[in-house]
Each structure stands twice: as structure tokens, then as C-alpha cells.
Amino acid sequence: MAIKDVLRSFPAPPFGMPYPEGTGIMPPEPPNAWTFNMGDMPKFPDFPFKAAMVLRDGAVEAVPDPAISFQGSLGPDGADGLRITGEGDGVNAIVADSGSYCFTGLDADVKGDGINDFDGIGAVLMGRNSAVVELRDSKITTAGVIRPCTFVRDSATLKVYNCVLTGEGGFVPDDYIPIPGPGMKKAPLGLKIDGTSRTHLSVGNSNAFFYDSTIVADGWAALSTDGCTDELYLEANNCDVICRNSGYGVYSDGGCIVRLNGSRIKTSTHCAIMAGDCKLTLDSCTAESGRYAVMMHDVHGFTSEIAKCYVRDSRLAVGEIPFFVKSTNAYIGIDNTAIDSKSGVLVHSVLNDDDHATKVGEDETELYGIKISIRKSELCGDILHDDPQRTMSVKLTDATLTGQIRDAYVAFSGHSRWTATGDSTVCLVNVTDLSSIDAVSGVTIQAVRGKDTSLSGSYDLPSGGRLVIE
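Reading the sequence shown from the start, the letters are residues 7 to 476 in this note's numbering.
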């Protein structure tokens, strides 16, 4: 359906235009999808859990296992200079069950496959229940399928300072049949990435903080979240987040709040992935990716969910699409940020071809949609809307945009200017003069009048293009 036909039915986009301080008017709070869906999840087998050392309120419970070797000793509050080596499948090295612990100068090199990274089975260092674990000046390397370096779950807290975590991944048999959920040995097919291990994984209602550290994944994921039960928080400060092959640097799943401050992300495919009702903030970061800066999708089954992404004072360099939005509601706030897109596209929304994508019912006509706020930035690239189930709206606030806009509401605030470099179709909202609109020679902006727009007719623009408003 052409935008002029759609927008005549909706003189203003559902829930208003975006604005730089936040998402604008919000729809009703969505149900807790990840909790509601738990009853519909298939039953998975019980996975055997083995840990060489379990810490409970300062007491050390040792369960010797030939797969894990310790050099040094654990005290009631942790250890200094502990060395861990091992080669074997499915055995955790240290599990903090309750209490507070600090590990300094830990050096771990563990090989062998994990069994179920949703439960952290195979992780070198795990915090669970209400434990608080600090890791300082340490190095952990794992080699194996679904073998995390660090894992935190329940209401536990993990704090990592000046450490290097490296997940080398492993190999799965050629006849392996991918399965979603606990026990899966490769990234879900719908993400269209490869890899066999997540270097760090946060689940449940946990908190994880990384400072001045390097987190490296061979593939799949460096910093991952999954299975949030209420509200999960993950933060990285002045960190290097690297995924050497196909995979992502960070993931913000439903219910998760993920924040990177002054950090550097470098990946082959995805800097970040967002799913469902979640938040991701990149503040004073640099991000380099061969494909996407942020890919957004939804597989939870609730069309009211909104992925909220905030990028401030940052620099993004991507090979394909900085913001790739697949059948989901999204708020994208870009503030004082430079973006280099090799493809010439800034934002592209599409229908998701994933079998698990959230479906939109025939009677759902006012979804939140996709809202893009660009503030104090000078951006070059196209904004393309190819999701017919949602509207897209774009607002420039003291910003410039050079590129095509296809099928979106557009508004301006402050000293802003849009120069179209390809034929564009838009609905202009609250536009009363031409001071913010331009188009290069040979380009036509086909527009309809939105709320509080008084212009009508055909206009020649300063750079040789034309604006036609119906």
C-alpha cells in the first residue's frame, strides 16, 4: 500500500513523533512475554551439573574432578593467584552459590565442551542465587562448544576489572541438527550468524559489570543475555568487545538493560542484537562491524514490545546497515554521533523471515512502529521503510541528514536540514516552510500533509530537486 493511502488514514503516527529525550508517548505496558511464554516452552531434558568447587557463605565445598585442576587455594573470601587448567566436558570450575568473593590474578585455561550454557554448565566462573563475585587482573580462556568463561544467573552480581576473557569456541558434528533453547550448540538459525560459544552469558535477574577489560569471542557472542526473569542489567565500561568471526558483540534480550560506556566493539557481522522489549545504550563508544551496528527483531509473540536503542557521542562504522529492524517496534535515538555506512543506508526496516518472528494480527492497526530521533548529528545515508505492518517516523533536531527517505513521517526541530539524494515518499508533520527541506537535481520528494503542515503544491528546491505535496 502506498504511503499516501496509509497516511490519509493516520494523519499523525500512532503514539506521536519521536523526540531526543526519550521514546515519546508510550503504548500500554506489554505483558511480561518471557515469563508468559515459559509455560508454552517445550520440556527439555535435565542436564547434569558438576562443579569442582562450590562456595557457600565463605565455606568451600570441593568436589574433585579429573577434568579440572587447581593450583593455589581458595579462602573464605576468594583467592589470589589461583591457576585453573582442565580438559573435559561439562564440568564447572568455580560456582559461587552464596556470599561475596574476590578473585585476583586468576589464570584459567579450560578445554572441552559445555552441556547447557543457559544453566552455565561448563562455565569457568559462575555466580548464582544472591552471590557477589569480583574478578580482578585475571585471564580466562575456554575452548569448546557452549563453554562460557563467566556466567551469572538468578539475582547474583558479577564484577570484572582489568581482565581478559576469551572464548575460542569448538566444533559440532556435521550431522548436528540445530535446536532452539537449552542445550543448543550453535547460535539460533534466525539470527543468521554462526559460532558455538558465548564468552559471557547473563540470565535471570542478574547484574554484571565489566571495567577496563577485553572480552573476545571466536564466534556467536562476546557479551550475551538470555532468559531474563524480570529485569537483567549488564554494563561494560572502557572495554574492548570483540567477535572475530560471525556473531555479535552484545545482546539485549527481552527484559534486559544493556549499557556500554566508553567502550570499543569490533565484530565481523553484528555489533549488537536486540530482541523484544529491551534497552541498549552506547555512550561514547566506537563500533566497527562488517554488517550491522544494531539488528533488532522480536520472537516473543507480543506486538506491543519495543526495543529502545540510544547511541550518544559515538562513532559507528559498518559494512552494510547500521540499524537493521526486522518486524519489531523500535525507538532509535541517535545523538551527537557519526555514522559511516559503506552501503549508503542508515536504517532499513523489513519483514522478518524468521519462523519464530512475532506475528501481527489482522486487527492490529496501531502498533508503536519504528521511531527514529536524530539530534546534533550530521549523517549521510538512506532511511528505508519496508515493513508494511508498522509506521516509521523520523525527527531531526539540530541535525542534518543527506539521503533518501522512503515511506516515513518526517518532522524537524531547531536548525535542521534534510537533503534528499533519491526519490523519497514522506508525510510531513508540523512543517510550515521549506527551510529544512532540500533535494538534489533530478530528485523528487513526494509528500502528503501530516498534522499541522500548511504547505501544499509543487516547489523547486535550492539544490535543483522538487517537493510535491498533496
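Everything labelled a hint here was simulated from the structure, so no lab data went into it.
Be careful, since some hints might not be right.
Straight-line C-alpha distance at most 20 Å; calculated PhoX-like pairs for lysine-lysine [what the hints assert, rightly or not]: (1) K117 <-> K56; (2) K145 <-> K198; (3) K165 <-> K145; (4) K272 <-> K365; (5) K117 <-> K145; (6) K198 <-> K117.
Right, here's what the structure says about each hint:
no.: 1; hint: K117 <-> K56; verdict: 15 Å, holds
no.: 2; hint: K145 <-> K198; verdict: 30 Å, violated
no.: 3; hint: K165 <-> K145; verdict: 14 Å, holds
no.: 4; hint: K272 <-> K365; verdict: 33 Å, violated
no.: 5; hint: K117 <-> K145; verdict: 14 Å, holds
no.: 6; hint: K198 <-> K117; verdict: 27 Å, violated
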